[in-house]
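K.L.:
Using the sequences and the hints, build the whole thing.
2 protein chains.
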Amino acid sequence: MILVSKSQIKLITSLQQKKYRNNLGLFVAEGPKVINELLNSNIKLHSLFSTKEHLFKVEKLWVISENDLEKISFLKNANNSVAIFEIPKLKEITNKTLTIVLDAIRDPGNLGTIIRLCDWFGVQQLVCSLDTVDCYNPKVIQATMGSIARVNIVYAELSEFLNKSKLPVYGACMEGASIYNEELPENAIVVLGNEANGISEKIEAILTNKITIPQFGKQKETESLNVATASAIILSEFKRFTER
Amino acid sequence: MILVSKSQIKLITSLQQKKYRNNLGLFVAEGPKVINELLNSNIKLHSLFSTKEHLFKVEKLWVISENDLEKISFLKNANNSVAIFEIPKLKEITNKTLTIVLDAIRDPGNLGTIIRLCDWFGVQQLVCSLDTVDCYNPKVIQATMGSIARVNIVYAELSEFLNKSKLPVYGACMEGASIYNEELPENAIVVLGNEANGISEKIEAILTNKITIPQFGKQKETESLNVATASAIILSEFKRFTER
Chain A
0 MILVSKSQIK LITSLQQKKY RNNLGLFVAE GPKVINELLN SNIKLHSLFS TKEHLFKVEK
60 LWVISENDLE KISFLKNANN SVAIFEIPKL KEITNKTLTI VLDAIRDPGN LGTIIRLCDW
120 FGVQQLVCSL DTVDCYNPKV IQATMGSIAR VNIVYAELSE FLNKSKLPVY GACMEGASIY
180 NEELPENAIV VLGNEANGIS EKIEAILTNK ITIPQFGKQK ETESLNVATA SAIILSEFKR
240 FTER
Chain B
0 MILVSKSQIK LITSLQQKKY RNNLGLFVAE GPKVINELLN SNIKLHSLFS TKEHLFKVEK
60 LWVISENDLE KISFLKNANN SVAIFEIPKL KEITNKTLTI VLDAIRDPGN LGTIIRLCDW
120 FGVQQLVCSL DTVDCYNPKV IQATMGSIAR VNIVYAELSE FLNKSKLPVY GACMEGASIY
180 NEELPENAIV VLGNEANGIS EKIEAILTNK ITIPQFGKQK ETESLNVATA SAIILSEFKR
240 FTER
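Protein chains in written order, with numbering that gives the first Met the number 0: chain A, 0 to 243; chain B, 0 to 243.
Just so you know, these hints were derived from the structure itself, not from any lab.
Hints may be right or wrong, so weigh each one.
Remember, identical chains collapse to one label, so a pair may be satisfied in a single copy or spanning two.
Straight-line C-alpha distance at most 35 Å; calculated DSBU-like pairs for lysine-lysine [unchecked claim]:
| id | residue 1 | residue 2 |
| --- | --- | --- |
| 1 | LYS163 | LYS90 |
| 2 | LYS201 | LYS75 |
| 3 | LYS209 | LYS32 |
| 4 | LYS75 | LYS138 |
| 5 | LYS209 | LYS17 |
| 6 | LYS201 | LYS32 |
| 7 | LYS59 | LYS163 |
No experiment lies behind these values; they were computed from the predicted model shown.
P.N.:
Shown next as structure tokens:
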């Protein structure tokens, strides 16, 4: 058992902030499930702190007390291990495959869920607007359940990226064609917009196809679908055709 | 401006607990969006506390201070209004329409999202196992965005309910037939299982059809879909056929 030093505590807590994550090129993951997924990926471990000695077979393991774990965990209920990983280098984005584009997604849980959905549906590219929440935010990392290791995520000026692309650009809008009646291509770009405001005007102007998930309930008051559940349905629709 | 009395504070805070909600037949909703949705429904208002005098046109309005609002709000960031409503009387469950059944859903956010999905897709019946989180839990109410007023929710001993039903009983399982290849009926029961353990053995034995959302990613490590995103895809699949 070793004591976590003050400088280590300072390092870890600083990684709650995007500024320090970017400067140091490091991010935090917690709990054995997420940490193990990342250990089994190409992402490099910086250091690992755990109250359990035999849970991980890595060199950079520090066995610590419950008390120290509390000090470095970002979670309400710390889950025995905290790890620091190196932010991986970006792979190049290709112009040939189904790509999800996020326009100003702000909620870490939503981004995490969308990353997990991309992983499930084999979507390897996710392009986020510069004002989308940082994918190395600890809340995003926890919500991805480790699938962040399998999706290539880049942040870019969206209009520039979209204007360069030769693929059709679909966007989820309140008033578009029913997604159930569209012949969806295997390769395309799909834009999902901000939780409160949808897709921004500037990006909406670039869309080649507006699609919508029709509402079946009769009540007009019904709030629009949450962006994460809408993403689930849209990804399912794009993939179900390639499956048949 | 009036002061909130100690007994009112005690009443409201007691409603965080299921025991008191059931005894008193009351539940709490917060924020103008959710409160307005409920005011426009059949659900009866008990009392409304707001820092804004002109936001609501109801008799039972108490205009209160920010300080008092903080005392009665369950939210991290109180959103100007807190209302108490009467838990509505249960309508009878019919045996003829698409019905969602939840087997031990524990996360309030998941239940709230599923209620909102039911509302969107026009599913009016939701049957929950007795160990599913209470739908009048404040976190569920907030996550429903008001759609709880439009979905008939009952708690029941599931095996008893399912054995009585004459509709086919579909269940979301890890190893079932691909949902994309099934001819889904308009009227059926669809069972969704617990976040960690899926559908319980006892209920699985009653299923007439096991369905699954196929995984497209190549990585076997990928965590299964979250129950709320799985629900979105399954409801969409059941409804897309009736639409065509």
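K.L.:
Could you run down the list of hints and mark each one as holding or not?
P.N.:
Against the structure, the hints:
In the homo-oligomer, the alpha carbons of LYS163 and LYS90 lie at most 35 Å apart inside one protomer (18 Å), although the nearest pairing across protomers, at 55 Å, exceeds that limit. For a Cα distance limit of 35 Å, the shortest separation of LYS201 from LYS75 across copies, 34 Å, qualifies, whereas the shortest one inside one copy, 39 Å, does not. In this assembly of identical chains, the alpha carbons of LYS209 and LYS32 lie at most 35 Å apart only when taken from different copies (27 Å versus 38 Å within one copy). In this homomeric assembly, LYS75 and LYS138 come within 35 Å of each other (Cα to Cα) both inside a single copy, at 12 Å, and across copies, at 17 Å.
When the C-alpha separation of LYS209 and LYS17 is checked against a cutoff of 35 Å, the pair qualifies only within one copy, where the shortest distance is 33 Å, while the shortest distance between copies is 44 Å. For a Cα distance limit of 35 Å, the shortest separation of LYS201 from LYS32 across copies, 28 Å, qualifies, whereas the shortest one inside one copy, 40 Å, does not. Proximity of LYS59 to LYS163 under the C-alpha cut-off of 35 Å is found in neither arrangement, the shortest distances being 43 Å within a copy and 58 Å between copies.
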